[in-house]
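Build out the structure end to end from the sequences listed, making use of the hints.
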Amino acid sequence: MSEELQECDRHAKAKVYCVVAVCGFGSVFLWLRLVADYAVADTLLMAVLLVGLPFLSIVQVPLVSGLSIDRMRAYWSSIVTLWILGVTCWLVGTRGGDVSAIGIVPLSASAMLGWSITLTLAGMGIILCFRWITDRFSLTETRLLKNLLPKTYQERRVFVVLSFAAGTCEELAYRGYAISMLAPVMGLSGAAAASALVFGLMHGYQGRLGVFRTTLMGLVLAWGFIASGSLLPAMIAHTTIDLIAGIVLGDWLLSPEPDFGIDSKEPPLF
204 MSEELQECDR
214 HAKAKVYCVV
224 AVCGFGSVFL
234 WLRLVADYAV
244 ADTLLMAVLL
254 VGLPFLSIVQ
264 VPLVSGLSID
274 RMRAYWSSIV
284 TLWILGVTCW
294 LVGTRGGDVS
304 AIGIVPLSAS
314 AMLGWSITLT
324 LAGMGIILCF
334 RWITDRFSLT
344 ETRLLKNLLP
354 KTYQERRVFV
364 VLSFAAGTCE
374 ELAYRGYAIS
384 MLAPVMGLSG
394 AAAASALVFG
404 LMHGYQGRLG
414 VFRTTLMGLV
424 LAWGFIASGS
434 LLPAMIAHTT
444 IDLIAGIVLG
454 DWLLSPEPDF
464 GIDSKEPPLF
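Start counting the sequence shown at 204; every next residue gets the next number (the working numbering).
Please note: incorrect hints may appear among the correct ones.
What the hints assert, rightly or not - Ranges of calculated distance between the beta carbons of each label pair, as one might list FRET restraints:
(1) L342 to S303: 37 to 47 Å
(2) D273 to L342: 20 to 30 Å
(3) T355 to I287: 22 to 32 Å
Hints were generated in silico from the structure; no laboratory data involved.
All C-beta atoms in this analysis are idealised placements derived from N, C-alpha and C, irrespective of residue type, glycine included.
Take a look at the structure:
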């Protein structure tokens, strides 16, 4: 397929994803507003979390396929976006004046340490398991995910900031706020499952394998949040996992022979 046809195909896929996203956004908005009787602020924010951001992640995949990645720009834009998301969820979720509404509950030092270590080990276990699966079945990660790994000292420094932003703000959004909002209409287990699935789709740039991996990770973090009664251990574990997977183990976790060339192929998410 020529480059021109590939470009047309990428934009066609992006347009289809956009149409689906608009329909999904409207459906979720109407359901939450008319059926679940959410406040307008909660309805809008939940529609963004459940539909808007996941589909935005998916839409970007065909658009950036084959393009070179400016990692520093990608890191900083993600950091800003994550903090906007996190602060918004904090303000909307705690407008009643109670931070425990989004899971900000203090624990004893021993409980905090124990839960943080448990969730970190469970998360790393999932990553190592998927590393084994890629070896066993000769699977590969997406080129986009490989290209987003930090390579230089400066990139690693900014990646630390990105990991902290992701661990803090994604947990505020998809565990602390989303689960608390969905639990009354879906039950606690349903809310945890729904938030984990959406969390997985948020990582659509990682391909099908990555979506499945991050969905499982979301379930583990949701379990930790619910079982411990606090969001803080999940925040600590999420940040630690990102740092280990992105900086310490990096390329080795993704594939035995990382390929960062522009000619590598990757299947579409859908």
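37 to 47 Å was suggested as the range; check whether the CB atoms of L342 and S303 agree with it.
For L342 and S303 the Cβ distance comes to about 42 Å; the hint holds.
Determine whether the Cβ-Cβ distance between D273 and L342 falls within the hinted range of 20 to 30 Å.
Holds, since D273 and L342 (Cβ atoms, about 27 Å apart) stay within the stated range.
Could you tell me whether the CB distance from T355 to I287 stays inside 22 to 32 Å?
Since T355 and I287 have Cβ atoms about 27 Å apart, the given range 22 to 32 Å holds.
The structure meets every hint from the earlier list without exception.
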